[in-house]
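J.: What follows is each chain in one-letter form.
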Amino acid sequence: MASKHGAPPTTYSPSPTRKPHQPVFSDSDADWVRPDGRGFHQCRPAFFRTAAVSAASGSAYAEFGNTKVIVSVFGPRESKKAMMYSDVGRLNCNVTYTTFATPIRGQGSDHKEFSSMLHKALEGAIMLETFPKTTVDVFALVLESGGSDLPVVVSCASLALADAGIMMYDLVAGVSVSCLGKNLVIDPILEEESCQDGSLMITCMPSRYEVSQLTVTGEWSTGNLNEAMQLCLDACSKLAKIMRSCLKEAASASHS
Amino acid sequence: MENGRDDGRTPNQLRPLACSRSILHRAHGSASWCQGDTKVLAAVYGPKAGTKKNENPEKACIEVIWKPETGQIGKAEKENEMILKRTLQSICILTINPNTTTSVIIQVVNDDGALLVCAINAACAALVDAGIPLKHLAVAICCCLAKDGHVILDPTKSEEQKMKGFAYLVFPNSVLSALTEGSVAKGELMEHGIITSVTQGVISVEDYFKCLDRGRAASSKLSDFLRRSLKLQLPSDLSKVG
Amino acid sequence: MGLPSDSGDLSSEMDVDAYRRLFPTHFYEKHLSLSIRPDSRPLGKARDTTLALGAVGSVDGSALAKIGSTTMLAAIKMEVMTPCTESPNEGSIVIEFHMPPICSPIVRPGRPAEAAPVLSKQLSDTILSSGMINLKELCLIHGKAAWMAYLDIYCLDADGALFDAALLSAIGAFSHLQIPTVSLTDNGKIVVLLDEDESRKLGKEPVNSGKKKLTINNIPFSLTCILYKNYILADPTAEEESIMETLVTVVLDSSARLVSFYKPGGPVLAYMSAIQDCVALTRQRVKELQKILDEAVSGMEVD
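Residue numbers (full-length UniProt numbering), protein chains in the order written: chain A, 1 to 256; chain B, 1 to 242; chain C, 1 to 303.
The hints are simulated quantities; they were obtained by calculation from the structure and are not laboratory data. Quick caveat: nothing in here was measured; it's all calculated off a predicted structure. Please note that a few of the clues may not be correct.
Claimed, not checked - Covered, in the sense of this in silico footprint (three residues per stretch, anywhere, with C-beta under 8 Å from a C-beta of chain A), are these stretches of chain C: (1) 50-58; (2) 65-76; (3) 165-171; (4) 185-193.
Glycine included, C-beta positions come from ideal geometry on N, C-alpha and C.
Model the full assembly from the supplied sequences, consistent with the hints where possible.
T.: Quick look at the structure:
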């Protein structure tokens with residue numbers, strides 16, 4: 001019987017820690033290619049599947065390149081005892097990372113703000129008045145982080161909400177753009193995000209042409225900003241089409 | 001050396017047992033249980049109103065809190081809590097006090113092997129002391145399998161570390177059970193069934209059955225002791241309940 | 001709620017789903033008396049089981065196991081540590097079982113599931129005591145450096161028999177594990193060699209060339225059964241576990257030795273006949289699982 005002795009020893013990852021090397025993305029010319037060979041304004045192929053978790057009221061799995069996310073929706077169900085009476089329903093969001101989501105074990109906990117950002121992105125799309133006094137829980141788990149995590153989580157969450165039959169004004173699709181020097185790249189991967197000068201994320205309801213969340217960080221020129229917003233909005237409406245077709249497929253499969 | 005036990009016991013011999021009840025004044029029931037140098041203190045509070053969330057409000061709820069000798073509780077203690085909770089749930093009549101919680105607090109005083117077993121015995125005595133309705137008593141025993149295939153009972157800590165594997169077993173003690181309809185199993189006596197079994201180490205299935213046989217035989221000795229020590233202190237108990 | 005005896009009459013008038021929720025024990029007893037379960041399984045049959053190796057890209061070994069809807073994702077990351085003085089030629093394995101809030105309605109964020117640490121402990125005990133992995137193979141430089149294998153198992157969907165699925169995914173991850181080739185730098189650190197041939201030219205000798213895979217012996221496989229009255233139900237769903245509370249988990253290794261017989265309490269006592277039946281069911285299941293594992297491993301080699 002090997003008994004456990006004392007505290008676990010300290011360990012380190014043997015993989016070489018490379019500094020984000022700027023030369024790959026030199027801002028001089030547009031003659032560099034993206035690490036995965038995509039065009040600057042080309043999104044990764046998106047894969048969605050609903051009803052991924054049987055224990056949940058609704059759920060969805062999303063895979064964009066190496067970014068893999070599962071979202072489960074529970075409810076509408078009884079609110080916490082401590083909550084005050086409310087005429088409209090409550091939305092409760094939580095985003096967590098697996099310990100192996102990031103290249104270095106256990107780094108995913110840096111994204112504490114994602115839970116509240118997911119909440120803000122979805123809140124406006126959900127008809128909260130259709131489930132008074134109760135709570136809808138939206139829980140996301142990032143299985144693998146491959147860049148553009150939050151927009152993928154938002155899109156996946158809105159699909160999970162639809163799968164759970166929660167009333168919404170429209171699906172919410174999220175896309176982000178990174179600014180690397182003079183270039184704008186859409187749907188950036190982890191490597192690109194690590195050396196970006198600025199980033200912009202839009203989550204929107206494409207059928208209503210309404211933006212539910214817009215975040216801008218870093219250095220932007222007005223021209224770039226306008227271009228980036230238009231890029232995102234166009235990509236969002238394309239993404240929503242893919243999401244809608246996924247829902248339609250699931251519905252027709254369950255009917256037949 | 002035929003049995004080769006450090007303290008010169010025979011393979012089937014248990015360490016000296018000691019049990020005393022009502023040793024804590026604030027608790028509704030309490031007991032200390034010693035097997036050799038392993039000593040555990042159990043206190044029972046309740047039944048108190050209300051159950052924890054996710055528990056069935058139509059039944060009584062048992063809560064177990066494990067306090068180690070030193071330090072904080074880890075995974076091993078959490079597992080012990082869960083095993084103890086499930087074991088006690090199966091001997092308590094949960095339908096008598098629905099929507100109540102009974103807390104069982106286990107304080108380890110000294111660990112010299114067979115700790116979980118000692119804690120189960122202590123908890124059982126403390127539940128009786130608190131007057132919690134029980135279907136029957138439970139007696140727990142630790143059987144070890146030595147590398148040469150011998151079974152020894154009630155190991156000390158140093159013996160535990162030398163063993164190939166061991167089994168913690170909990171048997172019911174049904175001779176004077178209050179419940180009659182439960183003992184309908186065909187062909188087998190109720191006290192031959194096991195409530196709990198936890199094993200460690202790789203052993204053959206036959207060896208496990210050997211452990212079961214030995215444990216079962218020894219459990220009657222243990223339950224006699226438990227019953228005797230409960231009877232001994234009965235008068236004081238009656239005055240307390242009354 | 002009405003008296004339980006009323007339910008017999010209600011069963012013909014009531015919607016099946018309503019009856020199932022209001023009188024779960026009666027609902028199940030009606031099925032059990034016909035030796036069938038609500039999901040149309042015979043009592044002793046496990047649900048469809050699949051194992052996919054290499055589900056996660058960013059780790060050294062991973063596997064996705066599904067038993068019915070219960071889904072487990074296991075991933076191993078290898079890190080380097082200094083071995084402790086008592087065993088200078090051994091590496092170490094740390095096993096952590098996680099139940100994120102997505103997997104079940106009873107887990108809420110910030111309040112970890114009670115079952116998670118218990119299952120972590122059970123899985124560590126089973127994997128380490130089975131001797132499946134020889135810890136000496138995780139040694140890099142005697143007394144100086146050894147591998148620490150972090151095995152993280154995530155429950156993605158909890159629908160009963162969590163231990164069985166978690167153990168299967170863990171075994172899958174170890175079978176898939178590819179140990180990276182590493183070398184020692186001048187300052188005593190272990191670093192991954194990206195290109196073996198190129199670094200040879202630079203005079204960097206790999207510390208562990210030719211030790212890509214662990215040898216796996218005596219693989220433990222498990223089966224959880226429910227004991228209810230005189231019935232034994234193999235591989236329970238979450239609903240079955242909540243209604244019939246007596247669970248027995250038997251773990252046998254590939255040479256049919258008993259690694260664990262785990263019955264944490266429960267209202268039903270396990271008699272000799274039931275114990276023997278559970279072991280017999282597990283023996284059959286071990287054969288099934290061994291086949292599933294072999295197929296998953298050979299499927300990897302074809303790719």
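J.: Sort out which numbered hints this structure fails and list those numbers smallest first.
T.: 3
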